[in-house]
Structures are given as C-alpha cells and as structure tokens.
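Visitor: Residues per chain, in single letters:
4 protein chains.
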Amino acid sequence: MTHPKLHARIDASFVRQGMMQHLGARIVAVAPGKVEVALPYSERVTQQQGGYHGGAMGALADIAAGYAGLTVAPEGQEVTTVEYKINFLAAFQGGELRARGHVVRVGKRLIITTAEVVHLDDDGGESPCALMQQTLATVNKTY
Amino acid sequence: MTHPKLHARIDASFVRQGMMQHLGARIVAVAPGKVEVALPYSERVTQQQGGYHGGAMGALADIAAGYAGLTVAPEGQEVTTVEYKINFLAAFQGGELRARGHVVRVGKRLIITTAEVVHLDDDGGESPCALMQQTLATVNKTY
Amino acid sequence: MTHPKLHARIDASFVRQGMMQHLGARIVAVAPGKVEVALPYSERVTQQQGGYHGGAMGALADIAAGYAGLTVAPEGQEVTTVEYKINFLAAFQGGELRARGHVVRVGKRLIITTAEVVHLDDDGGESPCALMQQTLATVNKTY
Amino acid sequence: MTHPKLHARIDASFVRQGMMQHLGARIVAVAPGKVEVALPYSERVTQQQGGYHGGAMGALADIAAGYAGLTVAPEGQEVTTVEYKINFLAAFQGGELRARGHVVRVGKRLIITTAEVVHLDDDGGESPCALMQQTLATVNKTY
Chain X
1 MTHPKLHARI DASFVRQGMM QHLGARIVAV APGKVEVALP YSERVTQQQG GYHGGAMGAL
61 ADIAAGYAGL TVAPEGQEVT TVEYKINFLA AFQGGELRAR GHVVRVGKRL IITTAEVVHL
121 DDDGGESPCA LMQQTLATVN KTY
Chain F
1 MTHPKLHARI DASFVRQGMM QHLGARIVAV APGKVEVALP YSERVTQQQG GYHGGAMGAL
61 ADIAAGYAGL TVAPEGQEVT TVEYKINFLA AFQGGELRAR GHVVRVGKRL IITTAEVVHL
121 DDDGGESPCA LMQQTLATVN KTY
Chain Y
1 MTHPKLHARI DASFVRQGMM QHLGARIVAV APGKVEVALP YSERVTQQQG GYHGGAMGAL
61 ADIAAGYAGL TVAPEGQEVT TVEYKINFLA AFQGGELRAR GHVVRVGKRL IITTAEVVHL
121 DDDGGESPCA LMQQTLATVN KTY
Chain S
1 MTHPKLHARI DASFVRQGMM QHLGARIVAV APGKVEVALP YSERVTQQQG GYHGGAMGAL
61 ADIAAGYAGL TVAPEGQEVT TVEYKINFLA AFQGGELRAR GHVVRVGKRL IITTAEVVHL
121 DDDGGESPCA LMQQTLATVN KTY
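Protein chains in written order, with this note's numbering: chain X, 1 to 143; chain F, 1 to 143; chain Y, 1 to 143; chain S, 1 to 143.
If you are wondering where the hints come from, they were derived from the structure by calculation, not from laboratory data.
Treat the hints with caution; some may be incorrect.
One copy or any two copies: either way a pair holds, since identical chains are not told apart in the list.
As the list claims (entries may be wrong) - Computed cross-link-like contacts, SDA-like style, restricted to lysine to any residue with a CA-CA straight-line distance of at most 25 Å:
hint, residue 1, residue 2
1, Lys-108, Gln-77
2, Lys-141, Arg-44
3, Lys-108, Thr-142
4, Lys-108, Ala-90
5, Lys-141, Arg-9
6, Lys-5, Gln-48
7, Lys-108, Gly-125
8, Lys-5, Lys-108
9, Lys-141, Gly-95
10, Lys-141, Gly-50
11, Lys-5, Leu-120
12, Lys-5, Gly-24
13, Lys-108, Pro-74
14, Lys-5, Pro-128
15, Lys-141, Gln-48
16, Lys-5, Arg-100
17, Lys-108, Asp-122
18, Lys-5, His-102
19, Lys-108, Pro-40
20, Lys-5, Phe-92
21, Lys-108, Ala-73
22, Lys-108, Val-139
23, Lys-141, Val-106
I would like the entire structure built from these sequences, with the hints used as guidance.
Guide: Here it is, written out as structure tokens:
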C-alpha cells in the first residue's frame, strides 16, 4: 500500500534521477518512514560474473533509505546522503531486486536509516541480498 | 603509469561488467595495490539535482578499490566485496570523476582497502568528492 | 530467557575479557543467534559531558553482536571482529545500557550481525541509543 | 610537536572523560586537524585472548579523530560523533597503542575524519592495527 501524497513527493524527485531512470529502477511503495524501490535484472546492472553489481545494490539501497528519510523531512527540505555502509549477503542473477528503506531516527539536522535489499526470483521467492545503514542530512530544496 | 600485465588482468574482468560499461566508466591506471577508474559526466550518472549520483560514486569507489585488491590477490582468485562504507564530501556536475583505490592490508582471506573519489573539472582542477573504506574477500575464480 | 549450554560457552569467553570485566559489563541473555549484554552507568564509562562514552557503546555493541555470532559458530571455533559501523542516536546518563546483538547471515567464513544499544532508565523506560552493523570472521579457538 | 593552545583546549575536554582516564589513555600530540592519543597495555583493555580489545581500539580511534575535529571546530563549539566505521587489521599484546586522527573535510555542520591505530612494541617497532572513518557534528558546548 502506498500513500498518494507522499508518493507524489517522492516521484517528483525520482523522475529527475537520470541514473535511476537509466538503470530501470521504479518506486514500488511509499509510506511514512518507509520506501520500497525495485530494480529489474538487465545487463545495465551486472558485474563480471553476470550477477547484480554491488554498485547497483548500493545505489538502490541508498535511494530507498534516502526516500524513506524524505517522507519524514519537513516540507521544502530535501535530504542528502552523508554516508552509508553496506554489507553484501549473497549474489543473484535474474529476477528483480527490492530495496526497502526504513527511518530509524529523525533528528533536527540528521536522519538515520537502514535498508534491506532482497532478491525476488521469477517464482516470487525472496532472499536477503544486502544490508545498509545510512546517515542523511536535511538541506533546503534547490529545484 | 600502468603495469601492462596487471592492467590486462583487470581489463579481463572490467569488460565483463555490464554496469560499468553502461555507465561509461574506464580504467585509467593499474599498479600493484592501486587502481584508478574514471567516470565521465552524463545523464546516466545523475541524481535529482543534476549532480553525480551517490550510487555512481559508490559503484566507482567499490570498483577501484576492488580492482586494487585484485592486483594483489593470488592467480586464479578473484575478490568479492564483503562490505564498504562511503562518506560523501561534496556534490559536483560536469567534468569527470576519478576513484583511486589503494590496498591497506592483505590477509589470507580478507583484503582491506580505501578509495578516494575526486572530481576533475574541465580545466583539470581536482576536488575531493567521497571517501570509502572497504573489506574484500578472496574467492576462486569461476569464469 | 537464556540457553544454559550456550550461556556457558559465552561466559567462558566473557570472563576472560579484562576490559568488559573492568567496565562492569555482564551477559543478560543468550539464545541461538541472539545475545544481550548490560553496562551499568559509572564514571568508568563516561565522556566529557557525563554521558555514556561512544567508545563504551561501541565496545558493548561489538561484544553483544560478536557473542551472537559465537552462538552460531561451529564448536572449536571463535569469532573475531573484521569491522563494524555504529551510529549514535542519543546521549544518556545514569541507568544502564543494553546492547542486543542479532545474527543476520551465517556464511562459511563470515558472519554478518547487527546490534541495537538502548538505554534503560531507573524506571525501566527504554530509549534507542545506538545502532551497529558488523562483520565477523570465524577463526580457530586458541585457548 | 604539539600546539600549546590547541593542546589546552583538548585537555580541558579529555580530563573530563572518565572512561579514557580509567583506561589509562593520554594525549600525545595536538596540531590543527591532527591529534594523537596513546593507550598503554593493561588488563583493563584486553579481550578473551589477552590482546587489545576491539572496543578499546574503537574508543581510542573515536577519541583521536574526534579531538582532531575539535581542533578545527569554531570556539564555543564541541563535536559529537555521529557515526564511525572501523576495520581491525591485526591483534597485538603488550606495548602501547597509538591512534592518530586526521580531519578530511570541514563542513558547516559536519566534519569528516579518519584515524589509524598502530601498535608500538617495546623496541619502538610500529605495526598497523585498525583503520577508522568517522562523521562528527558540531554542537554548542554545554559545560
């Protein structure tokens, strides 16, 4: 389930992300403090063994958690990633990745989040893929 | 300056990375324990404000440090990223990113690395962009 | 609730940790993949403003998650911390800290864990304090 | 070499840190953007195998890098650790640890630092021990 107004706020940013558009990512669900983003398998997201690239998992997790943070940021503010740390749990090919961002703590200037990346196979089976912990800063929106 | 034999080893892996080919990245220099990778600016690597996407910086740093690790891994072995942590220092548009990976420590099963990401503007001016610390594991090569 | 056999395994290591003994930490609960450790407030664990020292929270989280990993490591093996990353969420004085370690993934050579650190005030109220993500390696036991 | 005025500023905070006093740590050198802290070996800083506790290395690195940040913070401001990530490179007994903090970037609200922890043996030999990357926030001084 997704919240229409929050979803619109996230989409307004997401469609401006050239990289995410190019990789084929899409927003799946938006709720207060939670955002899920999907990335289908394609040759645009692979590493040398044909699995999903760590960089693709990292980018997806960064986006999902960053947008989770944006859902709780004051109107007129954006969030920017200060840093993140990601552990890779397993490698996968085919199917689709899902990154699920969650807000852990909202401070005046900083928001702490986590994201899980899971793999969905063609039968809908779900497996853990990566785990991320992130620090966001709130900044004034400039566009 | 680059080492031809090491460079060939890195290239054999790099050309197989669909994502890096797609984003337009290229290997700039290879030496024992050090690899530099470049990523030119394009709409394929941007976030919502037109700057380089954090995911692109993360992927580039991951690659540069991973390949730095590969230069010191035993023949017949590959490296896989266990985890990394990246701090973003500043946002940039245009020009080109360079990620410089360095090996910090080589263990039996794990290799610790760092990478700096810098921005090169069109006049060759260089500015710090991101800083990464990474853990790699050595694994048997499967292709 | 705690598992007596696992608890004994953890205790055999814990009583050998000079630093933890000295800071006044104690094991609270042990279950497969989960360990909780407590640290009461004292001048031995404070920073310059009288709050719990980040180093104390980090050490406690490291221990709780490391012992969570030990509960799932093969007999005759120990775990050693490869790296961890910790976010500090809030500062507290008095009461007691609790670090709760959880195993996220068990691999052949590496175990991935997380730990939450919470503060318990004198009335039993609980507040989030810190969040950690950690990589452990399994090694042969040497004592 | 150390800067007397900066050294005094750091000391005013350091002597208030119960945990650091208790573990036996001392400030070795202070310069703009750089602080070195020492921790002699004792049973107060050991883990179960008699080596330095990861928590002790983490606390020492946190302090060294945090004080490096304090040397560049505006007068009347303190720094607080937002998060850090530390890799452990090798285990040591005896001698002394030294953590060397360096400022990487100073922003309006955040300071990014790194710290290296090395081991000094009784003959003065130096070996790498741990590597940390940290985010600090500037806050108003409250004591």
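Visitor: Hints first: check each against the structure and report whether it holds.
Guide: How the hints compare with the structure:
1. Lys-108 <-> Gln-77: both (12 Å within a copy, 17 Å between copies)
2. Lys-141 <-> Arg-44: between (30 Å within a copy, 22 Å between copies)
3. Lys-108 <-> Thr-142: both (19 Å within a copy, 18 Å between copies)
4. Lys-108 <-> Ala-90: between (36 Å within a copy, 12 Å between copies)
5. Lys-141 <-> Arg-9: Within one copy only: 12 Å inside, 37 Å across.
6. Lys-5 <-> Gln-48: Between copies, since 19 Å is at most 25 Å while 40 Å is not.
7. Lys-108 <-> Gly-125: between (39 Å within a copy, 23 Å between copies)
8. Lys-5 <-> Lys-108: within (23 Å within a copy, 32 Å between copies)
9. Lys-141 <-> Gly-95: between (35 Å within a copy, 24 Å between copies)
10. Lys-141 <-> Gly-50: Answer is between: at 13 Å across copies they meet the 25 Å cutoff, but 38 Å inside does not.
11. Lys-5 <-> Leu-120: For Lys-5 and Leu-120, the Cα distance exceeds 25 Å both inside one copy (28 Å) and across copies (37 Å).
12. Lys-5 <-> Gly-24: Within one copy, since 23 Å is at most 25 Å while 36 Å is not.
13. Lys-108 <-> Pro-74: both (10 Å within a copy, 20 Å between copies)
14. Lys-5 <-> Pro-128: So Lys-5 and Pro-128 fail the 25 Å test inside a copy (30 Å) and across (30 Å) alike.
15. Lys-141 <-> Gln-48: Result: close only across copies, 11 Å inter versus 38 Å intra.
16. Lys-5 <-> Arg-100: within (19 Å within a copy, 36 Å between copies)
17. Lys-108 <-> Asp-122: Classified as neither: same-chain Cα gap 42 Å, cross-chain 27 Å, threshold 25 Å.
18. Lys-5 <-> His-102: within (18 Å within a copy, 36 Å between copies)
19. Lys-108 <-> Pro-40: Cα proximity of Lys-108 and Pro-40: none, with 35 Å in one copy and 29 Å across.
20. Lys-5 <-> Phe-92: The answer is neither: 34 Å in one copy and 30 Å across copies each exceed 25 Å.
21. Lys-108 <-> Ala-73: This pair counts as both: shortest intra-copy Cα distance 9 Å, inter-copy 20 Å.
22. Lys-108 <-> Val-139: Classified as both; 11 Å inside a copy, 12 Å across copies.
23. Lys-141 <-> Val-106: both (18 Å within a copy, 22 Å between copies)
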